[in-house]
Structures are given as C-alpha cells and as structure tokens.
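Protein chains: 2
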Amino acid sequence: MTIARLPTPMALALAEAEAAAAVGEVPVGAVVVGPDGAVLARDRNRIEERRDPTAHAEILAIRAAAALMGTPRLVGCDLYVTLEPCPMCAFAASLARLRRVYYGAEDPKGGGVDHGPRIFASSSCHHRPEVYGGIGERKAAVLLRGFFKERR
Amino acid sequence: MTIARLPTPMALALAEAEAAAAVGEVPVGAVVVGPDGAVLARDRNRIEERRDPTAHAEILAIRAAAALMGTPRLVGCDLYVTLEPCPMCAFAASLARLRRVYYGAEDPKGGGVDHGPRIFASSSCHHRPEVYGGIGERKAAVLLRGFFKERR
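These protein sequences, in sequence, are chains A and B. Read left to right, the first sequence gives residues 1 to 152 (full-length UniProt numbering). Read left to right, the second sequence gives residues 1 to 152 (full-length UniProt numbering).
Note that these hints are calculated values from the structure, not bench results. The C-beta atom is built at its ideal place from N, Cα and C for all residues, glycine as well. Errors might be hidden in some of the hints.
[To be verified] A few chain B residues that face chain A, going by a derived Cβ cut-off under 7 Å, partial list only: (1) I59; (2) T71; (3) V75; (4) G110.
Can you make the complete structure from the sequences, with help from the hints?
Here's what the structure looks like:
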C-alpha cells in the first residue's frame with residue numbers, strides 16, 4: 001500500500017512557474033499557505049498577460065489570499081515562491097505580515113531578500129518574515145535557465 | 001481677466017490623500033502623468049477598504065495607468081505622490097520604467113527612496129527614475145501628522 005502524498009506548496013509553486021513559461025512569462029510561481037497548512041492562493045507571473053508591471057506571482061498570490069481571508073494582514077501565513085523575491089515583493093510580504101518566506105532559486109541580479117537591498121534587514125522594514133532559501137532550488141533554476149536560453 | 005489654472009498633479013495627489021484620510025486610510029495620494037502631461041491615473045491608499053496590503057496609492061495609480069496605456073512599461077511617464085514611496089512602491093516605479101518620481105513629505109521611518117534600502121541606488125534596481133523630493137511637502141506632512149494625532 002502506498003500513502004497518497006499531497007503536492008507540497010513548493011511543488012504547486014513550481015507547477016505555476018511552468019504554466020507561466022508556457023505562455024511566455026518569466027517562470028515564477030507563488031503559493032500562500034494558511035496557519036493550518038491549507039493553500040489559500042496560488043498564482044504566477046502575469047505581467048504581459050495583464051499589462052501590469054506589479055503582476056508578479058507573489059503580489060497576485062498575496063492579494064488573493066488577503067481577499068479570501070478578508071484582511072490585509074496575513075498573520076501566521078507563509079509564502080512559497082520559486083525565485084528569491086524582488087524588492088517589491090519582499091516588502092509586500094512584510095506589509096502582509098507573512099510569517100515565513102520559502103524561496104527556490106537565488107536571484108543575485110534582481111533579488112531583494114538575500115541580495116541587493118536586503119529588504120528585511122533594512123530600517124524601513126517593520127515586520128520581518130523568517131526566510132528559508134534554496135527550497136526546490138534546482139528545479140526552479142532549470143526552469144528559469146531554459147526560459148532565458150530560448151529567448152536569446 | 002484671470003487665466004484659469006489647472007490643478008497641478010501634486011495638488012491632485014494631495015486631494016486624493018485628503019479623501020483617504022476622510023475614510024480612515026493613511027493619507028497618501030498618487031497621480032501618474034503621461035509624457036505629454038496628461039493625467040493617466042490618480043488614486044489613494046485603499047488598504048483597509050480593499051483588504052489588500054499592496055493597495056498603496058502608487059501601486060493602484062501605476063496599475064491603472066498601465067491598464068489605460070495597454071502596456072506594463074510606462075516609458076516617459078511620471079509619478080507624483082504625497083509621501084516618499086515605501087520600498088515596494090519604489091521598486092514598482094522602477095519595474096514600470098517611470099521617468100520621474102516627484103514626492104512630497106520625506107518618510108525617514110518607512111521610505112524606500114531616500115531612506116532605508118534606497119531602492120534606486122541598489123544593485124537589484126535596473127531602471128532608475130529621476131527623483132524630486134519635497135514637492136508640496138508642507139501640506140502632505142500636515143495631513144499625515146493630523147491623521148496620526150487623531151488616532152493616538
């Protein structure tokens with residue numbers, strides 16, 4: 001007998017990233033999970049589709065989770081995202097009072113958590129989620145590399 | 001004979017900030033202006049109203065201007081905002097390729113342009129709008145002080 005395993009939040013985020021790549025968006029996916037582990041929202045980059053420069057996977061997932069919970073403060077909730085969040089998304093995670101941020105691949109050029117402005121360590125940041133990087137990193141990085149290779 | 005004067009973009013942004021204060025939102029307003037000076041979008045903080053932690057005046061105005069223009073890249077457009085943008089909104093201005101950011105009051109505690117992570121100077125920022133601070137500063141600061149005084 002095998003025990004059925006639910007996909008982990010990062011596996012769901014990777015599936016979102018794959019769906020983004022399939023339609024020509026930079027392949028990033030994000031999932032917001034509630035305090036009890038339930039998936040509240042999942043989404044992917046939709047910048048070109050929505051013609052919206054703020055339509056990063058994390059922003060869309062955070063907004064959807066907040067709408068579902070009926071509050072702008074996602075206390076006790078966690079974000080899973082396939083790529084290190086940019087500074088915009090990192091600060092949004094702080095504003096949303098997220099408890100933890102789990103991310104996949106590091107982004108030395110555009111990241112805002114462990115690179116660049118290191119948002120959560122800055123004096124303007126008044127709520128600091130715990131950060132766990134490198135979760136499902138290899139698969140996220142392969143997706144991104146494949147995407148940018150095709151475009152060159 | 002007097003010549004009718006149109007309100008300046010910052011006057012429109014201040015009117016938005018006043019409207020935010022009237023309904024209990026932190027009084028910040030923002031306006032996006034096109035390359036020809038036409039107002040493309042104006043909005044205010046709607047965090048509590050929309051239950052959306054990302055519903056800062058700047059994000060809403062940028063999203064509305066991009067929707068109107070049918071592109072996520074607002075090349076040649078300028079942002080007017082009554083308070084120094086937070087790191088999220090500063091990076092959104094960069095992602096939107098805005099030409100200039102004019103802001104009113106400085107925000108030493110939560111700002112992300114001339115304080116905290118100084119987003120436009122960070123290595124993760126690949127488009128740097130020109131910045132003009134202190135435009136209409138006194139009125140914006142009076143509004144904010146009044147708002148927070150009432151809440152104490």
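Results of checking the hints against the structure:
no. : hint : verdict
1   : I59  : holds, 6 Å
2   : T71  : holds, 6 Å
3   : V75  : violated, 11 Å
4   : G110 : holds, 5 Å
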